[in-house]
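Q: Same order as they appear, the protein sequences are chains A and B.
Heads up: the first sequence is residues 9 to 825, going by our numbering.
Heads up: the second sequence is residues 114 to 695, going by our numbering.
Think of the hints as simulated: they come from the structure by calculation, not from any bench.
Please read these numbers as outputs of a predicted model, since none were measured by experiment.
Built from N, CA and C at the ideal position, the CB exists for glycine as well.
A portion of the hints provided could be inaccurate.
[Said to hold, decoys possible] In the DSSO-like style, the derived pairs of lysine-lysine whose C-alpha atoms are separated by at most 30 Å in a straight line are:
#1 B:LYS228 to A:LYS10
#2 A:LYS10 to B:LYS350
#3 A:LYS320 to A:LYS464
#4 A:LYS368 to A:LYS381
#5 A:LYS433 to A:LYS464
#6 A:LYS433 to A:LYS320
[Claimed, not checked] Partial chain B-side listing against chain A, Cβ under 10 Å, derived:
#7 LEU138
#8 THR142
#9 THR146
#10 ASP149
#11 VAL150
#12 PHE592
#13 GLY610
#14 ALA611
[Claimed, not checked] Chain B residues, not near chain A, derived (Cβ > 12 Å throughout):
#15 TYR143
#16 ASN194
#17 GLY199
#18 VAL240
#19 PHE437
In case you want the letters, here they are:
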Amino acid sequence: MKVAVLSFVVLLRILVGFQPHSGQDDYQGPKGSPSPHKYGGDYEAQRHWMEITYHLPISEWYWHSLEYWGLDYPPLTAYVSWACGFVAHNVGSLHDRTILDSDSDDDTNINDTDTSDNNNVCQLDADIECIQPTSKKEQIEQKRGGLKAIKNLVALHSSRFWYEDALGKMYMRFTVLLLDIFIYMSAVLAIANILSGEKISTTVQEQSSSLPNNIVSTSDQRYLWLLLTALTQPALLLIDHGHFQYNTTSLGLALWSFYFMTQSSFIGPVIGSVLFSLALNFKQMELYHAPAVFAYLLGRCFCNKNNTEQQKISSIAKFCALGVSVILTFAVLWLPFAIYPRESLATTKFHLDGIMQVLKRLFPLQRGLFEGKVANIWFALSVRPLSIRSRVAADVLPLAALLLTLVMILPACLMLYRFGQQSFKYTSKKNLECLLYGSASTSLAFFLASFQVHEKGILIPLAPLSLLVLDSPGFVIWFSTVATWSLWPLLVIDRLCEAYVCCLIIFLCINAMASVQLSGEVNFLKSNLVSFVAMLSLVVMMCLHLAEWRVLPPAHLPDLFPVLWSLLGCGLFCMSYVVTTWTTMTKTNAAKLNSHPKQGWRKFFFLSYFGIVATSGEAFSSSAHQTMHHGVFFCSSLNARKESDYLIPTSDHLERARVLLSWEEQSKKDSKPVLNLSAINSDRLPLADGFDNDAAATTSTENHNTTRCSWEDGGVWRETEQALVAVGILVDTNSDDKPKKLTREVIIDKVPQLLRLPTDQIVESANFFLNSTDEKATFEVLLQLDPSLLTYTISQLDYGITYLSNMMFRGDRTAAI
Amino acid sequence: MTNRTALPFKAVVLTFLILSALKYLLIPTYRSTDFDVHRNWLAITHHLQIWEWYFDDVDGRTVHTLDYPPLFAFFESFLSNNYVTGALLRSGWLDARCLDLLPDVDNEPSENCVKFHRGTVILSDIVLFFGAYLASTSMGKILRDNNRPHNTLLTFILIVTNPGLIMLDHVHFQYNGMMLGILLCSIACITRGSNHKMVDEVTEQHGEDRSETKSCQSHQLWELGGAATFAALLAMKHLYLTLAPLYLFYLLRHHCFIVKKEINYKSYTYRKETHQSEMKFHFSWKRFFILAAVTLACFLGPFIPFLMQSNSIEQLEQMLQRLFPFGRGLVHYYWAANIWALYLFASRVSTFAFRRVPIPGDIRSIVEPFVPFPEPTPGVVAIILLIGLVPSMIYAWNVGTSSLKRWWQLNSFIPAMFFIHGVVFSSFSAFMLGFHVHEKAIMTAIVPLTLLATTSCYSARLFIRTSYFGIFALLPLLFRTEELLLKVALYVTWLSGAICTLQSVLPKTKGNEKLLTLFDYIAFFILACLLLFMEVIHPIVFLPSGRLEFLPLMAVSVACGLGLVYCWMESSVIMIVTATKR
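Chain A on its own, in the form it takes in the complex (with noise of 0.2 Å):
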């Protein structure tokens, strides 16, 4: 069965072949006109490095010109296309001969010095109009066997501007797809193994044994499901296969990384680790997966077992082995551009003039914040109202991107650090799900926040996401719907919209298969709210395709649809990346890994739904609405602070605000009755704790969604502010001076409940502390330690002082100080 499922895969990606590649026959899209300088699109810059590598000396490769798709990734992908050049130009050539030999008339002769002669024209011309003529012999050649023509694919310089060739092409197609399937299908299939292994209760054997029309046995299933919803992937089919590049390469890499550095004994992280520098090395793009993946190696090399002087140098010399590895790796790829130079600058023997060569064509800093209108948080603030680039300097905004991509990525790194410490203790299932979860957060940062984001680098959080399937679909499905989704601007330049209709109707009704035969088995999107979440984004997007389709926009926005696709990618990958971050945290969390992970997956998701769905009821506004909060809060902690004069609460804040106060759950568990009587017609058991959490949940969520234009949009805090700043206890926000006393960001950072809490309340409180004791500097120094004691009710705080001996309560705190 794994093999049909295997060429099933195979087969899909020979179709998606079919369709044309970008810039077939010079086709820019419906809007775009040629370039007079360049021809086609990623095939034909994949096609030119065959070449160029072919047939250059390797000094020459990142200085060859430039202007006509110049090499611009790592030395692994130039290596790897010398290996199709060289193929490409041995296999051509095997014809040579024999037809020299069998015809060796005069005529054809002729046309033999002609085309060298062409060839040298060529090679003068240096470009542009070397179209060489068809001549009389090439068209005898076509008849036999036409393999001449997988040699004119790589001949320099003639093959440039309007080759075009089916043979050609499909030797191309035959590249990605032969190492598709050797990179990545092979570390799909190593991860499956591990990932579907186990875990199936004998209830759900029985349940789904008794299913009907059982084609393939009940183990099997979950594994094939995850091959197949992994392998077909419409993204990753569309882009690779279709629109023409290697990613899956360096994705399978990345994978093949990922199982190796799970395993329990140490040398698996470090193949892992050679594995993904390779990774690196074949695509920069790879680095979104890198802060996750440093950061659970350095977890792994720091485990503390026990803390014993061995056990330190054994840390150490783990280190020094990845790191060992890792620069090996490197050097090994990089050190042929240092030891053969050009010739134009051969004066020493070894320099570092090729290696700087190759990182200035890698990291092309000039080219702007994002490339053309990709979903990320970058373009959703340089969209009209906003126009951060307008607004902030240049030079500022990769910095700015830096800092962002930084603080993203942070929870993520930090929970894979604690979890690589103690990855010993858990299967490796585990380690590898963590994992898997972790470094799609920490893309998704990267995608959202950083620096010249590509549409197609939504990519790199797809490829370990889909491998998630079995913990939890619906997400998985509704990700790389949104994902596909989000590239359709691009497809349709590509003109692949009919094949992205078609990949996606073939992965939803597959997903949809799986779940008829899987239903005892797995729920998709149990609860109604998230599902109604995922719907109506999907009903908002179907709705944006049909709008596109019929509705011209207006003559004064051009860009409309692009941009509105851009806005709600924009938002949805926002939400993925809450989750995803969300999921590596209750994952990795030892304390809650016993308890229920996607019970708090799913009230997290609650929350930040809410979060996003702030102001108005339509999704994508609110999204952009929500991406704006976080750029304006960016922008003023950063250098506009004179832009917004009162606090404007970020949806960070407002979603730990809304995290309930330890005395206010235990009020409202006192207010509940023990047995819940009224819940008794309702289907489920009114003692069943863990929905009652969950409705507890919901039903605070709904007070504060009813109370919430009184708040969240900061109106109360203004007020406590100005009236904790009158009792002294804060500063006011243009006297800077004071550093010892609380400022206002700082308070907010520790103890965002002020945000909700009533004014009144907090004042009165604050009055308590003030004019009950008599010792007013204690009372301040402890307020700027723990500002949470301001959310306390009076009564609260009398009690607790009245109950603990004074003299213990604040000969603690100051022995603190």
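Using the hints, position chain B against chain A.
A: Frame of chain A, contents of chain B only:
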């Protein structure tokens, strides 16, 4: 038990969506001249009056003339003249040139024209889905009633995903899926008709002519429907003419005869014997006339508009000339893998041997006139074919007899199973012995055989063998290098999927019998080598020098021909066993 044979409608819809998407992705692939043929038929039916249809050949500038029976011509006419096509033409999406009469030298269709035309094939496959649904559910119902194993869902999926059909219809371009869908409908009707419980206790006790009860009438209706559908199919494509004898004999015996019991038997123990001895068959003229009327109406109906013309005789002559072009030679260009291919191969080999091997002079003079072997004339081939069909006719008659005697009730004998095996055998014979047979004719055997694939290990094995030989013989149809990977992937996907699922679904027998035997593994190995030779070694080594151009085709035909002859024999055995099993 009810669950095992249920076919959830959701699964049908999802399969249809997935497959349609796959087929849509196949649009840019290779299309044969059959595409131009069908496009020309669209043009003919779009522009010309009905009496010109069979005469037009664009002033002799095209060879793509209408050579299917009239109902298919009406189908094309429907495709070219319906509302949707008109709307597409008006909106400019479909260019008018797509439906124009074009000479062969200049008939390159536009992109949208290809999409439109391929789209009609994808949509017409709904008939296949319907037929497969009907046939597999009715087969499942019968077998379930008799406590036989059958997996309806798998049967359905194996039929609709058949790679042979996908390659023929959606790459090569034809409407085989639709035709086979109709054939499956007809089989389904006959199947349902055979499942009647003609006599229950009450009627038995009263004896006499009480067999015309309600359930009995419904079974008659089903059989009439089956016959009518088959007649309509014949009016669409005359390839299925070879199944007509089977239908004729089966229905004559099973449908047109009724049993009369003259003596009430006394005791239950002697029931069986009394049954057999006292039963008499009466030919019911009423049933016969109804059957004949319905069948002829369906078959001849499409001919009537042509016969209504002033030159009716001329029309008919022209039509027959188009339908049966005997001038084309014994075998098709590709050498369909049948007896005649083996015959020609033997002829070539003997010619070669005759030239090279030293043979004594007197023997040489005797053998001389037979080398190369004489080529049989169409008449001889027709007679041989008829002989090949005789077993199915005989057993159809016998089965009719035994099912009338209701042995099946006592021995769990199922006439429908025999009928399907008869269809398979007849199509096999037609494929093996027919004149100028096309490779695709093997699909007529494979698709009905799928219906029985899940019933026993033996038929599953026969099904798998027939499929891998038959479909392999179709691979050379897609000869371009671009489609090489496509066809291999299709073939491997389906075959491995079919083998795995059949293996897991088959009833557990004693000894845990495996689906594949050593024979199959050897066959796989040979086929793999052949494929490698045909697609990789041959083009690189031999093609540039132009030597041995047809070697791969011949090798494939001979290998598959041998395999299929074996399957043919097996199918005859299995047919006879089903017909005579007690």
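Q: Checking against the hints above, which ones are violated?
A: When the structure is compared with the hints, numbers 1, 2, 3, 5, 9, 10, 11, 12 and 15 turn out to be violated.
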